[in-house]
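Undergrad: Let the sequences and hints guide you as you build the complete structure.
There are 2 protein chains.
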Amino acid sequence: MKNKFGFILIKPQLGENIGACARSLKNFGFTKLSIVSPKQSWPNQKAKATSVGAYGIIKKAKIYNNTHDAVSNFNIVISFSARKRDINKKHISINQFLKIIKSKKNTKFGLMFGPEASGLSNDDLSLSNYILQIPTSKKFKSLNLSHSLSIICYEIFKLENSNKFEKNTKNIKISSKRKIFSLVLHLKKLLEKKGFFVPTEKKHTMLMNINNLIYRMEPNDKEIRILASIISSLSKKKY
Amino acid sequence: MKNKFGFILIKPQLGENIGACARSLKNFGFTKLSIVSPKQSWPNQKAKATSVGAYGIIKKAKIYNNTHDAVSNFNIVISFSARKRDINKKHISINQFLKIIKSKKNTKFGLMFGPEASGLSNDDLSLSNYILQIPTSKKFKSLNLSHSLSIICYEIFKLENSNKFEKNTKNIKISSKRKIFSLVLHLKKLLEKKGFFVPTEKKHTMLMNINNLIYRMEPNDKEIRILASIISSLSKKKY
Chain X
1 MKNKFGFILI
11 KPQLGENIGA
21 CARSLKNFGF
31 TKLSIVSPKQ
41 SWPNQKAKAT
51 SVGAYGIIKK
61 AKIYNNTHDA
71 VSNFNIVISF
81 SARKRDINKK
91 HISINQFLKI
101 IKSKKNTKFG
111 LMFGPEASGL
121 SNDDLSLSNY
131 ILQIPTSKKF
141 KSLNLSHSLS
151 IICYEIFKLE
161 NSNKFEKNTK
171 NIKISSKRKI
181 FSLVLHLKKL
191 LEKKGFFVPT
201 EKKHTMLMNI
211 NNLIYRMEPN
221 DKEIRILASI
231 ISSLSKKKY
Chain D
1 MKNKFGFILI
11 KPQLGENIGA
21 CARSLKNFGF
31 TKLSIVSPKQ
41 SWPNQKAKAT
51 SVGAYGIIKK
61 AKIYNNTHDA
71 VSNFNIVISF
81 SARKRDINKK
91 HISINQFLKI
101 IKSKKNTKFG
111 LMFGPEASGL
121 SNDDLSLSNY
131 ILQIPTSKKF
141 KSLNLSHSLS
151 IICYEIFKLE
161 NSNKFEKNTK
171 NIKISSKRKI
181 FSLVLHLKKL
191 LEKKGFFVPT
201 EKKHTMLMNI
211 NNLIYRMEPN
221 DKEIRILASI
231 ISSLSKKKY
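Protein sequence lines, in the order shown, are assigned to chains X and D. Count the first sequence with our numbering and you get residues 1 to 239, in order. Count the second sequence with our numbering and you get residues 1 to 239, in order.
No lab work stands behind these hints, which were simulated from the structure alone. There may be inaccurate statements among the hints.
Cβ pair distances, simulated, as ranges [as the list claims (entries may be wrong)]:
1) 192(X) - 39(D): 46 to 56 Å
2) 173(X) - 104(D): 42 to 52 Å
3) 121(X) - 222(D): 12 to 22 Å
A virtual CB, placed ideally from N, CA and C, is assigned to each residue, including glycine.
TA: And the structure:
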């Protein structure tokens, strides 16, 4: 499904940003990068350096000298813009965007991002179907190019891998209740020796408080052993 | 509510990344940045340059020389890690994270990010309550520091501004049906002059097809005028 999406950078100013974008594409399983008229010469050393493990995407990037050619293979083009534009083009929200890409099968989506400082021109926008503005604080709307692209890659990845966002997938090996009970018993015996449970009528409540504390800890086997040895150590007569 | 969150960068290697992080914080309405042992000298010129409009956050950043001091004012600390760690600490998903921050009132959250190359040490992780791994492609898990932080800022912002993610907020001023109808009438008259509706029994279907096309366009008033003048121009006898 990832092949449905191509990312188009229009006149990016800095090689570093192109590299950072490539890295993000690979992080979220995308491969297709098109660049229209990069400001710096191409191939670009800084783009290579900042792409880290995603140099393959930089190497395979398609370079165009106009937006028209760059969008020609797509069925639907979505422009990302930091500000509302006075152009009669449908502005969609992130959730509407996600619905559109989910509902349209056999459709190639071109996702178009403008230059760092100025954003997309009205000429570029006129070639798109929709305009999407990533919501931000009203006080500072200008997102870094690779941050915008990362957020969009992340949202598409999330749509296709929702299970990975739901539950913690790591099983913590919490000790069995038997082992936790042995620990509590060990502690209880030593505390009895030390005359801790005074007055005796409060012993039950005191034990319950200890249970509450220890059962809440969710220790693993190693931590149970550490706790047992701390308790033993504390109860020794040595000073 | 934004004051609930502080962002802690542990031993960041590059000033550029600190600047990019500050920019993202401001984009999503956060202000609190703490830095533990930045590798380069502080204050840092590159951090200032890449922070763009968020230099205020860089200026007010708190610098610590150990993680312990940096986390001391928070109630709950969440560590962000690119890999599963073999440590008995609860790993939570993004959605679990969002539930936790939504449910706990009067709680200050420290959100802790490790150095670019190595990630958080086990010592740092031991001071946190939870570990969160941002889901990525299995083939390339290493997210750029400012990308990880941007995604987390974005998710918290989304939680608190869900309305901004639902519907398109820009009202496109689509022309009234009256104006669209006038346009169609204008087109119809000219086409009749040109003998377009042949054979006459198909006239109704042909008109309906034209309606389908034009009513779908959602033009604004200016576009209606443009269309009308295109139609007039095409129908002229000049060559």
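Undergrad: State for each hint whether it applies.
TA: Tested hints:
1. 192(X) - 39(D): 46 to 56 Å: Cβ of residue 192(X) to Cβ of residue 39(D): about 54 Å, so the range 46 to 56 Å holds.
2. 173(X) - 104(D): 42 to 52 Å: The hinted range 42 to 52 Å is violated for residue 173(X) and residue 104(D), with Cβ atoms some 27 Å apart.
3. 121(X) - 222(D): 12 to 22 Å: With a Cβ separation near 19 Å, residue 121(X) and residue 222(D) satisfy 12 to 22 Å, so the hint holds.
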